[in-house]
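Engineer: Chain by chain, the residues:
2 protein chains.
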Amino acid sequence: MSKPSIPQGVRDFSPDVVAKRNYIFDAIKSVFKVYGFQPIETPTMENLSTLTGKYGEEGDRLLFKILNSGDYLSKADGQALTDKNSTKLTSSIAEKGLRYDLTVPFARYVAMRQNEITFPFKRYQIQPVWRADRPQKGRYREFYQCDVDVVGSNSLMYEAELIRIYDEVFQKLKLPVTIKINNRKILQGMAEAAGVGDRFLDMTIAVDKLDKIGIEGVRKEMAERGIGEEAVAIIESILDLPTLEAMKTIWGEAGPPVLRQGVEEMEGVYKYLYVQKPHNEIIFDPTLARGLNYYTGCIVEVKAKGVEMGSIGGGGRYDDLTGVFGLKNVSGVGISFGADRIYDCMEALNLFPANTDRSLQVLLIAFDAATHLFAFDVLCQLRTAGIASDLYPEPAKLQKQMKYANDRKVPFTLLIGEEERESGLLALKNMETGVQVKVTLPDAVELLRDEVAQMNF
Amino acid sequence: MSKPSIPQGVRDFSPDVVAKRNYIFDAIKSVFKVYGFQPIETPTMENLSTLTGKYGEEGDRLLFKILNSGDYLSKADGQALTDKNSTKLTSSIAEKGLRYDLTVPFARYVAMRQNEITFPFKRYQIQPVWRADRPQKGRYREFYQCDVDVVGSNSLMYEAELIRIYDEVFQKLKLPVTIKINNRKILQGMAEAAGVGDRFLDMTIAVDKLDKIGIEGVRKEMAERGIGEEAVAIIESILDLPTLEAMKTIWGEAGPPVLRQGVEEMEGVYKYLYVQKPHNEIIFDPTLARGLNYYTGCIVEVKAKGVEMGSIGGGGRYDDLTGVFGLKNVSGVGISFGADRIYDCMEALNLFPANTDRSLQVLLIAFDAATHLFAFDVLCQLRTAGIASDLYPEPAKLQKQMKYANDRKVPFTLLIGEEERESGLLALKNMETGVQVKVTLPDAVELLRDEVAQMNF
Chain Y
1 MSKPSIPQGV RDFSPDVVAK RNYIFDAIKS VFKVYGFQPI ETPTMENLST
51 LTGKYGEEGD RLLFKILNSG DYLSKADGQA LTDKNSTKLT SSIAEKGLRY
101 DLTVPFARYV AMRQNEITFP FKRYQIQPVW RADRPQKGRY REFYQCDVDV
151 VGSNSLMYEA ELIRIYDEVF QKLKLPVTIK INNRKILQGM AEAAGVGDRF
201 LDMTIAVDKL DKIGIEGVRK EMAERGIGEE AVAIIESILD LPTLEAMKTI
251 WGEAGPPVLR QGVEEMEGVY KYLYVQKPHN EIIFDPTLAR GLNYYTGCIV
301 EVKAKGVEMG SIGGGGRYDD LTGVFGLKNV SGVGISFGAD RIYDCMEALN
351 LFPANTDRSL QVLLIAFDAA THLFAFDVLC QLRTAGIASD LYPEPAKLQK
401 QMKYANDRKV PFTLLIGEEE RESGLLALKN METGVQVKVT LPDAVELLRD
451 EVAQMNF
Chain S
1001 MSKPSIPQGV RDFSPDVVAK RNYIFDAIKS VFKVYGFQPI ETPTMENLST
1051 LTGKYGEEGD RLLFKILNSG DYLSKADGQA LTDKNSTKLT SSIAEKGLRY
1101 DLTVPFARYV AMRQNEITFP FKRYQIQPVW RADRPQKGRY REFYQCDVDV
1151 VGSNSLMYEA ELIRIYDEVF QKLKLPVTIK INNRKILQGM AEAAGVGDRF
1201 LDMTIAVDKL DKIGIEGVRK EMAERGIGEE AVAIIESILD LPTLEAMKTI
1251 WGEAGPPVLR QGVEEMEGVY KYLYVQKPHN EIIFDPTLAR GLNYYTGCIV
1301 EVKAKGVEMG SIGGGGRYDD LTGVFGLKNV SGVGISFGAD RIYDCMEALN
1351 LFPANTDRSL QVLLIAFDAA THLFAFDVLC QLRTAGIASD LYPEPAKLQK
1401 QMKYANDRKV PFTLLIGEEE RESGLLALKN METGVQVKVT LPDAVELLRD
1451 EVAQMNF
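Chains as they are written, first to last, in the working numbering: chain Y, 1 to 457; chain S, 1001 to 1457.
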């Protein structure tokens, strides 16, 4: 028998980690709910016909595929078998794959249920996804995505709403962030203004790297991608404009219509966004591009302050996500939270409340068989009162029971001996201070309840 | 492009269903927590070496296997390929499988982390599992299991605790149940008393069917399984004993030690169990056997009252779950909740609270661009106050907005026109009664908050 292990790139989550992860998910969900979003869940397995071709060639390769059940070789592609051609064989022996992201299943869901859904449809979805990536630090083969989208409306109110969701969630988590926003139409307009509208993607790929490679690097990359000097100069001049206002003044009338449209959309978003002052810094960044090419309007990205980490969230407006599943002209806008990275930031900045992983409020300790049964009675009453409590399973030595109390990080113990059983006065001990008081059961409940109320519990 | 679909036997969960499912899971989790259990999560994918051979031949067949990534045929079993032998080929092209239950991954987890775990270890786990079963009504290929176990202690207190958990969860869900308990040692003792200890499994399989096939059927089945008439008579006489007390009086001294031990364990459980009166009926049923052969002590099964449905929960004491992963002599006891069946019972008996699927407390309705922006401001303030609220995304016709309010089952609307914007008095309308009141924003918050407090929200 070999030593038990788990596959590379996947994780067990122990109680303390589950508690911290739930602290993040609960904060996110509570904001989603207050904003009127509703949860859906889609299956782990999708038909490969749903998934394939949606994530590029790289994505197709990274899909986990499920071997058909039963005598799968009976329907296998004979030629591919003979040739030992893995790529070609796959489609004949695997019909299902694991969810690769939450976007495609959501689009599939909306297309399938278009007649029963009330639009605008505001949904959130927090589920794991799987990618056969090479595992490395911070990159897993199973990880949670946390998406929130509105489909079926063009209203810019939703862009503002989603940016406010970022603002509120990170405020709730006490994690200071910078929220960068831009509009893909402004990028398109920049390319057109520079006369390189056909080089739009080349330009955005270069501009997107400004943070990393500096303006010299961007210039070089644009040149390498065949964008002429003059065009580069125009693009640079637009990037240099200090504000949206300046962009509008200089390019609003004279520039390409799409640039003006992008600026106007930004203004529309701002109008709603600043109705109430956000907690975090929100920056217009004309170099922000976001990798995904399905974005067509406003785009957004979030970075944590005070810790070196890639973006911990991003999203934007898309014009056609469900078209590939036969439902045309459904505009949507959505954002995503990177739970694993948020977790790492919270750890790095020590932001998890001290008691997040506290699972027990009090441990009862009894010293013989008779008081043990009495203690179980007390335990039942504490639990009925909603106090998370436990009793050491047998009347063992005090030291052994105290060790268990410490290992489980219990803030209070309730010692129950013969004297306590007879008097009804229980010895409640604060494990941190060592202070011990004699209390009745109802008083113990009150004391513990107040403690619970003060915890993130 | 084909019509989008999902694989057979798996499900999308829409918001109303997610809400109802969470109502069940939340009730279960809240009880687990009060009882001092901690959550763990294990990965969706386990090594096939962990899973194979743990669920019998049938189980091995029903495991979903994941095709290795990359050029998987390069390492494939050449002979199996030539022979087109699917069964033989599998192990050379698939190393990972999907979680089949929560018990084996838990045992693997405990064995892997035995040095960091504090025993007794009280864990719960609520995650989906996958089985390549033929889909049929009420049987899915992806479904949630909901397990709670204590490992590392023999204390009978935990049997009582777990039975009390059943009692409390179903009380909380308002679903009346019958909880049947027995002990595998009593079954073993019955077989030994009848001189057919070697026919233990044959006997339990027959006895377990008493409910379905009656005593005549059980007699016939035992005979077919080679249990003689005399032995059957003895077994029947024990089954006929009205109480544990009677069983002890008649067989306690004279019978096989294992029978006495089983009765004594039952008494030990009862001692703790009845310290506080349970809400539901708890019945000692000597015919209860539970299919799984890893149970060695107390066993338990739950059935809903007033609805035809198989058991909605079950569990028991096992002596050696982690041995197969190299950790011997760890006794444990656990129970499981059948979430899908509980859901179906709750639906059949109409037990879900009316507002379980209510996602929105109030919808704001504005009539022109200026008031729409003002309404968004009001919306932000409502949300800051924790009221789940929304604003129709544009100042559309009243009828259209009211239809949206009804489709989203909103209990209140807040109508905001020019007059409301100027006076600061908002028109709050109860959508059920049609009553409309003029209130300030702080008053609206108070009113809505009271409403929220009254809901399961």
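The hints are simulated quantities; they were obtained by calculation from the structure and are not laboratory data.
Treat each hint with caution, since some may be false.
[What the hints assert, rightly or not] Listed below are the simulated DSBU-like cross-link pairs for lysine-lysine, each with C-alpha atoms no more than 35 Å apart in a straight line:
id, chain 1, residue 1, chain 2, residue 2
1, Y, Lys212, Y, Lys137
2, S, Lys1137, S, Lys1033
3, S, Lys1137, Y, Lys33
4, S, Lys1277, Y, Lys75
5, Y, Lys397, S, Lys1020
6, Y, Lys409, S, Lys1277
7, S, Lys1277, Y, Lys438
8, S, Lys1328, Y, Lys409
9, S, Lys1084, Y, Lys84
10, Y, Lys409, S, Lys1174
11, Y, Lys33, S, Lys1020
12, S, Lys1003, S, Lys1172
13, Y, Lys400, S, Lys1020
14, S, Lys1003, Y, Lys438
15, S, Lys1328, Y, Lys29
16, Y, Lys409, Y, Lys305
17, Y, Lys33, S, Lys1328
18, S, Lys1174, Y, Lys84
19, Y, Lys54, S, Lys1003
20, Y, Lys328, Y, Lys303
21, S, Lys1029, Y, Lys137
Engineer: Okay, which hints does this one fail, numbers in order?
Structural biologist: 4, 5, 12, 13, 14, 15, 17 and 18
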